[in-house]
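K.L.:
Sequence:
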Amino acid sequence: MLPRTAATGHTLHECLPDSRRLLPANSPCPPRRQGVHHMTTGVLWVVLFACLAACAPARNGQATSSVTAATATRQTTVQGGAQAALQNAPVIRPGDEAPDFDLPAVDGTRLRLASFRGHKAVVLSFVPAAFTPVCSSQWAGYGMLKPRFEALGAIVVGIAADNVPSLAAWTREMGTDAAGHPSPLWFPVVSDFWPHGAVTMRYGLLRPEGIAERALVLIDKAGVVRLVEVSDIDKRPPLDNLFKALERLAAGN
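Positions in the sequence shown are counted from 1; adding 322 to them yields the numbering used here.
Possibly wrong hints are sitting among the right ones.
As the list claims (entries may be wrong) - Each pair of labels, with its calculated beta carbon distance range:
hint, residue 1, residue 2, range
1, R470, P506, 17 to 25 angstroms
2, P469, H518, 15 to 23 angstroms
3, R470, H518, 15 to 23 angstroms
4, P455, G532, 25 to 33 angstroms
5, A473, P517, 35 to 43 angstroms
Stated by the list, open to error - Taking lysine-lysine pairs in the DSS-like style, the calculated list, with each CA pair at most 25 angstroms apart, reads:
hint, residue 1, residue 2
6, K543, K442
7, K442, K566
8, K468, K543
9, K442, K468
10, K566, K468
11, K468, K557
12, K543, K557
Think of the hints as simulated: they come from the structure by calculation, not from any bench.
Ideal placement from N, C-alpha and C gives every residue a C-beta, glycine not left out.
Take these sequences, add in the hints, and give me the full structure.
P.N.:
Next up, the structure:
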């Protein structure tokens, strides 16, 4: 015999929905227990208040994130309109060890930053995008400065978050002389396209829209960052501070 409920004396079988009964029942099921509903509602309110408390801002001046803390101690040269884009991103600082990378170059090879250690100082030239006027004039202008860079024992490495085919086509177009003959850039250009902007992000120079800041990062032969300059994205960066820093390195300072 099936057990009967204490409230009504009906069997549990009789309290099943019609669709699940094997035999008809002449009386209704026991009343719904309202206490369960109220208990569930109370638990939901407790969870909601706990979430709101967790989202409240920190008090007493404590940093609310590691990004904010890093920004507070950032030391770099930021010029013009670049400040707003960088205010929430930590930027690598002079004295830091430069993050190593291994990226594809436009000539079909791969370039690893560590390969220059002990041999040359490296100037990383981050630019926003291929086929843009300011970027084109900036890198093409470095062609005239090759003897000066070489005399100071430095190499330029161009970096952009465009893919290799785009950068290759752009640098070929940029590297033609007045007669239209190919005149490749004298320095390597690498693609930080995939994972998109990963190296640029490690240097703290990736903008929210997924392009790099216009920045120069000087790294000495030991792999230590000596200078970081972030310029207005719409202007060619000045080179005075860069060459002064290179001259100090060449003099052993």
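K.L.:
Run the structure past the numbered hints and jot down the numbers of the failing ones, going up.
P.N.:
2, 3, 4 and 12
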